[in-house]
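Q: Letter by letter, the chains look like this.
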Amino acid sequence: MSPDNLDIQNSLDKDLIASVTDLKVYFESKQGMVHSVDGVSFDIVDGEMMGLVGETGCGKSVTARTFMQLVQSPPGVLAGGNIKFRSKNSKSGSQVIDLLDLSENQIRELRGERIAMIFQDPGKALNPGLTIRTQIAEVFQEHRENDVLEKAGLKNKLTGVTEYFVKKYIKQEAGFLVTTLLKIPPLSTYKKKIDNGINRLVAEALEETQIPNPTKVMERFPHELSGGMKQRVMIAQAIACNPDLLIADEPTTALDVTVQARVLDLIKELQKRHKTSVLYISHDLSLVRRICDRIAVMYAGQIVETGDAETIFNQPKHPYTQGLINALPSMSHERGKLEAIEGIVPELIEPEPGCRFVSRCKRRKANCKKIDPKLQPISEVDKSHKVACLLYES
Amino acid sequence: MTNSKNTILSLRNVKKHFPIKEGVFQNVVGQVHAVDGVSFDIGAGETVGLVGESGCGKTTIGRCVSGLEPLTDGDIFFDLTPEKLVALEDFEKHQSEIKNKHLIDEIQSTSNISKIEGDDFYNYRRNCQMVFQDSFSSLSPRQLVSDIVSRPLKIHKVCADNELIPRTIELLEQVGLGKQHLYRFPHQFSGGQRQRISIARALALDPKLIVLDEPTSALDVSVQAQILNLLHDLQKQRGLSYLFITHNLSVIRHMADKIVVMYLGKVVEAGNTEDIFSNPQHPYTKALLAASPDLSEDVVSDMAALDGPIPDPARPPQGCSFRTRCPVSRTECGWEVDDIIRRLEHHETLIDSIKSVEQPDAFNAKFTFETSLSATELKDAIGTNDIPKQMRKAIKKIEVDGNDVNISFEPVQTVPLVQTDNGSLSRCVLVNK
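Those protein sequences? They're chains A and B, same order as listed.
Going left to right, the first sequence walks through residues 1 to 394 as the numbering used here numbers them.
Going left to right, the second sequence walks through residues 1001 to 1433 as the numbering used here numbers them.
None of these hints come from the bench; they were simulated from the model.
Among these hints, one or two may not hold up.
Claimed, not checked - Below, in silico cross-link-like pairs of lysine to any residue (SDA-like), each with a Cα-Cα straight-line distance of 25 Å or less:
id, chain 1, residue 1, chain 2, residue 2
1, A, LYS362, B, SER1190
2, A, LYS362, B, PHE1189
3, A, LYS216, B, ASN1385
4, A, LYS151, A, LYS216
5, A, LYS216, B, ASP1380
6, A, LYS124, B, PHE1136
7, A, LYS216, B, ILE1310
8, A, LYS124, B, HIS1187
9, A, LYS216, B, ALA1314
10, A, LYS124, B, ASN1248
11, A, LYS362, B, ASN1229
12, A, LYS268, B, ASN1248
13, B, LYS1286, A, ILE291
14, A, LYS216, B, LYS1379
15, A, LYS124, B, SER1138
16, A, LYS171, A, GLU109
17, B, LYS1021, A, GLY227
18, A, LYS151, B, THR1349
Just so we're clear, the structure is a prediction, and the values are computed from it rather than from any experiment.
Let the sequences and hints guide you as you build the complete structure.
A: See below:
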């Protein structure tokens, strides 16, 4: 491969933090290949909050998990496409990488450090057997060795074998010998200092998410905390290393509306303060509209519409987006006259060509079953508003 | 308030407490006040929405109404004629002078669901059906749809064996399913279809009341719209009454005629849907409205997101239970010692140095510290802005005596539900004035 070629491969527009191109993730099943994500392309602008909306089973979570190579394989099959990601502030400076090309070790370095994820159910995502401290400390121990040393007041003070031992301890790679040695002075004093340093870092991370009394909460187990608190711990864990991209996979679905409002405010505030880019995944269109700058609407493994949050909400073009917005109960609907989208989501096993929404669409035409609609700008003026529908193709 | 319609369901001061058991012998050490004195009526053909956060007792009420939980106290009356309702209200007002004793006795023996027995209770069970939130766990995975839907028909012997299947098909068709679905298992259906099966089962006995416990919260928006339309059509056809339990305010606004807002086992606001949405009186209702994203466009509310701890339902507060999170709390909201303890949890050193707390009642307490330094520290902490200003004002007396601190608050009475200007009921000291 010539250097020239390589340059094209790794190029990314200056204002973008990540770009997904023609991503295809399939799953093997007894009935055949399930095309969960089938040709998804979208960009995330640096510092923005991007919303990915869709119904159950449309592939939004799979898309998000592919960012961090969390899709299990088998049964998952990466059938094509790439995700380019600009990793800023990393050790080797700013660089553009393809997340799908990375090896297991390389992606481990990125996870939690440059890309972090908040999961839907904090009750399941946190380990019930470990204290909050242990779980958040892991992020620092894995990625922030120097910060831990600095907090412990041991930076540049250790040499030789001592340094090697202490670093092993921080990285949680200490074997039997090192563990035993660390119990004996003078190494035991270092161990204590390191522990204190980690405690301070964890407390600071928790404090950032407005958890009252972080040093007490730290020693608790997940089951001792309320749902909102658990979600805050998850957020603290995710933003601990100040990542470039935060993926939030329905972070408030399991919470009450009042708690949800608090958590949303918190995510928004942290995003502004750290200038993190956020990919916010949700099934709730109105919620996404409230916090996101741009929205991409997914249906059956494909993106059907993308654009500014307000544009999508006020001038939806794709029949599916229109249906989704009309299905929300609101003042303008007479009772019993909600505009439901009839029918059900099509099977994604070896789908036939043509628009996926055709069976439920009220405005379908003869061609819809034959031609695959492409995601393209709706007008010459507004390049950002794109729709995949034959109605708007000239 | 007199109308010609029957009142399908009338809850009178319903209480449900769950015992907290501890130790080897499972001694009862306390009571969780899940539902604490709830009253409301459901008229024939009416939909009453029950809203609140998780843990406020709304599901418990649903279970009490459908007879799945025995009541701790209070009464639930079923199907009262207007005369009976008037007699009952009369009886409650003037307990001593009973005018028409025989009517009251009749009501108690035929309509009070915790007292009726035998055929009457059987009849009640027929007339009150339930649709549960999670259609995965409320439909038996081992039964065919035909078994599930026809089971109530068999148990209540409403039709002959050879009519069972035609009747089941009829029911399925009413909910938008068909003959082809008869011999399938629940796992072969999507979430929306499963919820339709649940509704078909609930309709089988032609009930008067259906308790809908979060029927659409597990569904997608587009499917939710289908189910809501279906529920409305069925109500129109059959004159059903619904008790609609949900946390989703836009759904409740769309479906309900009347709304009951609950907080910590108590009703904080109740009234007609439009009154509550256009002019909420209670701060909690205002905050709820402000917090739900899909309403923000047409609901005007200046409430910030709620902060602060929810009181323990095992020790429900004497005064207003919402004061700990209320952005417009007052001195007279009924602040008590528990609030200080809850605030103390933010001060690690202080809470660690507490030796004992003597608490003769909710409003007086004696904190004993290990050192007199901590005792003065507590007094100082109460003086700072960490503590809400209104709470500080409510403190009647605070004295440091060596290692002890005596604190007493102004005692208050329970805040009653009162009629507001727009006709709804609200439980707030601000409305009282």
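Q: Each hint needs a verdict: does it hold in this structure or not?
A: Going through the hints against the structure:
1. LYS362(A) x SER1190(B): holds (22 Å)
2. LYS362(A) x PHE1189(B): Status holds; Cα separation ~24 Å.
3. LYS216(A) x ASN1385(B): Since the Cα atoms of LYS216(A) and ASN1385(B) sit roughly 22 Å apart, the hinted pair holds (cutoff 25 Å).
4. LYS151(A) x LYS216(A): holds (20 Å)
5. LYS216(A) x ASP1380(B): holds (22 Å)
6. LYS124(A) x PHE1136(B): Given that 25 Å is the threshold and the Cα spacing comes to 19 Å, the pair holds.
7. LYS216(A) x ILE1310(B): Since the Cα atoms of LYS216(A) and ILE1310(B) sit roughly 19 Å apart, the hinted pair holds (cutoff 25 Å).
8. LYS124(A) x HIS1187(B): holds (24 Å)
9. LYS216(A) x ALA1314(B): Within the cut-off at roughly 23 Å; holds.
10. LYS124(A) x ASN1248(B): It holds: about 24 Å lies between the C-alpha atoms, which stays within 25 Å.
11. LYS362(A) x ASN1229(B): Roughly 18 Å between the alpha carbons, so the hint for LYS362(A) and ASN1229(B) holds.
12. LYS268(A) x ASN1248(B): Within the cut-off at roughly 23 Å; holds.
13. LYS1286(B) x ILE291(A): Status holds; Cα separation ~21 Å.
14. LYS216(A) x LYS1379(B): holds (22 Å)
15. LYS124(A) x SER1138(B): holds (23 Å)
16. LYS171(A) x GLU109(A): Since the Cα atoms of LYS171(A) and GLU109(A) sit roughly 13 Å apart, the hinted pair holds (cutoff 25 Å).
17. LYS1021(B) x GLY227(A): holds (24 Å)
18. LYS151(A) x THR1349(B): Distance ~23 Å between LYS151(A) and THR1349(B) Cα, so the pair holds.
Checked against the numbered hints given earlier, the structure satisfies every one of them.
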